[in-house]
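Novice: Each chain, written out:
There are 2 protein chains.
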Amino acid sequence: MSDRIALIEAGGTKFIVGVGDASRQIHARTRIDTTRPEETIPAAIDWLRAQGGDYAAVGIASFGPLDLDRASPKWGHITRTTKPHWSDADIAGPFARAFGCPVAIDTDVNGAALAEWEWGAGQGTNSTLYLTVGTGVGGGAVVGGRLIHGLSHPEMGHIRMPRHPDDRGFAGHCSFHGDCLEGLAAGPSIIARWGASLSDLPADHIGHDIIAWHLAQAVQTFQAILDPARIILGGGVMGTPGLLDRVRIRASEAGAGYFAGDPSRVITSPALGSDVGLLGALALALRAAG
Amino acid sequence: MSDRIALIEAGGTKFIVGVGDASRQIHARTRIDTTRPEETIPAAIDWLRAQGGDYAAVGIASFGPLDLDRASPKWGHITRTTKPHWSDADIAGPFARAFGCPVAIDTDVNGAALAEWEWGAGQGTNSTLYLTVGTGVGGGAVVGGRLIHGLSHPEMGHIRMPRHPDDRGFAGHCSFHGDCLEGLAAGPSIIARWGASLSDLPADHIGHDIIAWHLAQAVQTFQAILDPARIILGGGVMGTPGLLDRVRIRASEAGAGYFAGDPSRVITSPALGSDVGLLGALALALRAAG
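Protein chains in written order, with the working numbering: chain A, 1 to 290; chain U, 1 to 290.
Derived by calculation from the structure, the hints in this document are not laboratory data. Keep in mind that a hint or two might mislead.
Unchecked claim - Residues from chain A that keep clear of chain U, each with C-beta distances beyond 12 Å, as calculated:
(1) 22
(2) 150
(3) 195
(4) 203
(5) 218
To be verified - What the simulated footprint calls covered on chain U by chain A, stretch by stretch (three residues with Cβ under 8 Å from a Cβ of chain A suffice, anywhere in the stretch; the number is not a length):
(6) 101-109
(7) 139-146
(8) 151-157
(9) 160-171
(10) 214-224
Backbone N, C-alpha and C define an ideal beta-carbon position, used for all residues, glycine too.
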């Protein structure tokens, strides 16, 4: 029997498809544009077949929101999304039918949280939260060795937030909630306020402090609810030089020493780099198999 | 061997001490004022000895913050508290030495969350959050059958919050964080703003909507991070007539249909009534016993 695992990082712009194994090697990979489900998913299956087609499992780390209720007829489907053509798309089913093996699916950020906890910046801890701050804000968390799920997967970008005193005029950029975390800290909210991405603003621009301050408030909320040993901040916005340290300083001020974890040690960068998507899919598949 | 379990609900004002068993019967109980550790804890032990002294386990649901790290020499101690005499007090140790049996200890709200999930308003769900809104605000959550712990227990009263537009003048009542959830919604914050408890304010007083609105924002944050099947709101402030329904309405507005759970079904009252403290201690003891 094969020990090869088919890996799918399903994003709103592109699918990264790969072949890996339990030793964490990724043997091959390709990129497929995300167009329509009836094009993108068969293209991914064709590529995986061309690699040999014999897989022990399929791991999918997908954009969402997803139906992850195993008892639901829509398990493994995207639910409702603003992305054209993808609402109600069945992601898991076509791979299960094509390869006749177990399919594990969860959100991209849950996959990243699991992979960073198993092999990356959260290794050896009892609790790790992964937050990506980019075009949107999303997060997942491993607590006591398991990913958190309630009625569905977390939507951590949509926590409620206080407002920086110098940022009160901005309504927020989330089409559902206005000034939730995503509405205040994701890339489009930065461009909406200041006309450029954070990394393109001068180093003394107030935007740096406003974004760091909002992320620090989010860190306090995560500490109050989960008290994670690691809070890993990734995504394009976090690539801004100096931002991670600004968040640490602001989070220390906000928490006022109240929580068990010191923000300067708890808050950290991802360790798995650009492979985190495929490694997330791998971690999900290994977890489901094991 | 005895199947009797010693139960301690350790509060800042009083200890309720009882004797129960796995059938959820509570056979006897007493109340001991919380004065100093060297008075209150021996009085609890003496009473438990007078009931027979032969216990299979001790369950303690305590005020906090607590050191719950089993590897720490201070496991089972209160850490730092504003309550005089109780910082660094060993709660679990004296009971373990007195009765020579396993001792389970966790926060009162974690105990309540576990008991409500096992036997109360969260029964049959995969995820239940319990929040008490009284002199302080505290919460615990069961996810996938287990209480959430990170570096320590949750401190859910200290999540960050947006501000109701008609409540901007109030600095908040939390001595650590000002206008965190506890600083905006606990009983003392209500008295600080309006000179009376919420239940004593006229039914058309704006305080009802301001408190409901803040609790609804907290509900959204809980949904975004944990998406619990039940969010149980207890504590003295929640006894205010009409408040639960106001929170449901405001939470539905805030969430804008984004989360899997409908706030009108997710948000509910506790089912275990005034026994929740002792039943929490019982649930913790039974859980630890396996």
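Novice: Look at each hint and say if it fits the structure.
Specialist: Evaluation of the provided hints:
Once the 12 Å rule is applied to beta carbons, residue 22 of chain A is consistent with being away from chain U; the minimum gap is 24 Å. Listed as outside the interface, residue 150 of chain A is inconsistent with that label: its C-beta sits roughly 3 Å from the nearest C-beta of chain U, within the 12 Å cut-off. With a cut of 12 Å on Cβ distances, residue 195 of chain A stays outside the contact zone with chain U, its closest approach being about 25 Å. A cut-off of 12 Å between C-beta atoms confirms that residue 203 of chain A is not in contact with chain U; the least separation is 26 Å.
Distance to chain U contradicts residue 218 of chain A as a non-interface residue, since its nearest Cβ pair spans about 8 Å, not more than 12 Å. By the rule of at least three residues with a Cβ nearer than 8 Å to a Cβ of chain A, the coverage given for the stretch 101-109 of chain U is violated, with 0 such residues. Interface restraint, the stretch 139-146 of chain U with chain A: holds (5 residues with C-beta to C-beta distance below 8 Å; minimum three). Here the stretch 151-157 of chain U counts 7 residues with a CB under 8 Å from a CB of chain A, which clears the bar of 3, and the coverage holds.
Judged by the Cβ-Cβ criterion of 8 Å, the stretch 160-171 of chain U is covered by chain A as claimed, because 4 of its residues qualify and three suffice. Counting residues of the stretch 214-224 of chain U whose CB lies closer than 8 Å to any CB of chain A gives 7, which reaches the minimum of 3, so the coverage claim holds.
Of the numbered hints listed earlier, those contradicted by the structure are 2, 5 and 6.
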